[in-house]
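Which chain is which? The protein sequence lines are A and B, in order. Sequential numbering from 445 applies to the first sequence in my numbering. Sequential numbering from 11 applies to the second sequence in my numbering.
Among the hints, erroneous ones may be present.
Said to hold, decoys possible - BS3-like cross-link-like pairs, simulated, lysine-lysine; straight-line CA separation at most 30 Å:
id	chain 1	residue 1	chain 2	residue 2
1	B	LYS27	A	LYS618
2	B	LYS208	A	LYS618
3	B	LYS27	A	LYS638
4	B	LYS90	B	LYS211
5	A	LYS580	A	LYS535
6	B	LYS27	A	LYS632
7	B	LYS128	A	LYS632
8	B	LYS211	A	LYS618
The hints are simulated quantities; they were obtained by calculation from the structure and are not laboratory data. Remember, it's a predicted structure, so these values are computed and weren't measured experimentally.
The chain contents come next:
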Amino acid sequence: MHEKVSRDEYYLSQPKGAHWYPYEDHGGTILAIAGEDFSLVGSDTRLSEGFSIHSRDHPHTYRLSEKTVMGSVGFHGDVLTLKKLLDSRLKIYEHEHNKAMTTSAIAAMLSTMMYGRRFFPFYTNTILAGMDENGKGCVYSFDPIGSYERELFRAGGSASSMLQPLLDNQIGFKNQGDVPHTPLTLEKALALIKDVFISAAERDIYTGDGVCINIITADGVRQERFPLRRD
Amino acid sequence: MSIMSYNGSALVAMIGKDCVAIASDKRFGIQGQTVSMEFPKIFEMGPQLYIGLPGLATDIQTVAQRLTFRVNLYELRENKRIRPKTFMSMVSNLLYERRFGPYFVDPVIAGLEPVTHKPFVASMDLIGCPMVTEDFVVGGTCSEQLYGMCESLWEPNLEPDDLFETISQSILNAVDRDALAGWGAVVYIIEKDKVTTKTLKARMD
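Construct the entire structure; sequences and hints are all you get.
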């Protein structure tokens with residue numbers, strides 16, 4: 445039986461729909477830079493939801509192999525699932541081919557994995573960073589449904605629009621006229637990452653607490669951390 | 011489709027040592043279509059007082075015209091130049107009068123105090139909530155990009171030439187990451203005895 449409502453209530457009310465939404469945004473910002481013989485991927489360490497903080501010490505970077513690190517932000521459930529699936533696919537590949545997957549192979553595979561969920565996507569902004577077959581640094585950035593491209597630098601996540609223009613200016617030498625294009629050193633790249641995260645934490649409420657930078661070289665992956673504003 | 015991003019704009023104002031700078035892009039578009047590359051968004055309201063108006067193009071022009079009218083009457087009645095802080099309150103009042111049917115602009119104000127020549131910048135939302143800062147203010151469709159650039163590049167007590175370089179790099183790199191803003195940029199450097207206008211060489215896409 446339908447509930448008795450007044451004529452106005454019936455004609456002026458909105459149709460009711462489903463209230464459950466499968467995704468949440470857990471915030472966070474990631475940044476990757478490729479150098480001549482190194483690769484950097486950094487993220488803040490804050491996990492948030494709305495105006496609440498779930499954790500102040502939860503980096504958004506995940507080591508996939510000796511020479512590849514993934515940074516991923518967005519819906520944390522999908523971030524973790526993507527990591528889990530990638531880890532198992534990597535292991536299967538190692539057992540079948542008796543060698544570790546190259547960074548470009550992981551990138552191509554990740555693209556197909558994400559497009560496989562074209563109609564119920566992984567709600568994540570991911571960036572892969574590592575060393576390519578020639579020992580040079582490489583960065584691959586993805587959209588939520590797997591469109592990807594190799595780049596020299598990319599920022600992703602909630603403060604990406606604040607960071608990307610500065611990277612264009614300082615690493616891409618855009619709008620700088622006749623400035624000589626000096627190759628990027630590891631020290632300069634590290635200093636740049638620290639500066640941009642400090643700036644991002646000033647203006648973006650979802651970025652803060654700390655930074656975790658993964659430095660990938662021929663010798664493997666090492667981590668550096670430093671604190672950010674906690675407000 | 012948001013009303014504030016229907017036409018596209020970029021505005022930034024910065025404080026330097028005894029000077030202020032204000033810069034804007036020059037695009038006038040209707041969603042994706044660019045209609046003009048010479049659409050000014052910065053208006054002079056006094057010898058060392060400028061207002062930048064990002065937002066809906068028709069309201070940019072209407073607010074600028076109505077504000078000029080009010081400032082002229084003020085200067086006739088009071089027989090003095092309007093001070094930046096007073097001007098800010100005047101803009102706030104004009105916008106709040108339209109609280110429930112607002113002008114779709116987010117003004118950005120830059121100027122020097124008439125007697126002390128102290129630098130001043132301020133911004134407000136479309137219903138006139140004012141905000142005065144000691145460093146910089148931004149507005150427009152690429153405000154996040156501008157925040158990122160300004161936060162990294164700005165430092166206190168920049169001389170006029172250095173302030174010009176800083177504000178130019180901020181706006182050029184920010185609009186290059188926004189499809190709706192760009193197509194040229196103009197910068198005003200306001201010092202106590204002169205105002206320099208420079209048009210920047212920018213990507214025209």
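Evaluation of the provided hints:
1. LYS27(B) to LYS618(A): holds, 27 Å
2. LYS208(B) to LYS618(A): holds, 19 Å
3. LYS27(B) to LYS638(A): holds, 27 Å
4. LYS90(B) to LYS211(B): Status violated; Cα separation ~38 Å.
5. LYS580(A) to LYS535(A): The given pair, whose Cα atoms are some 24 Å apart, holds under the 30 Å limit.
6. LYS27(B) to LYS632(A): holds, 29 Å
7. LYS128(B) to LYS632(A): Status violated; Cα separation ~37 Å.
8. LYS211(B) to LYS618(A): Holds, at about 12 Å.
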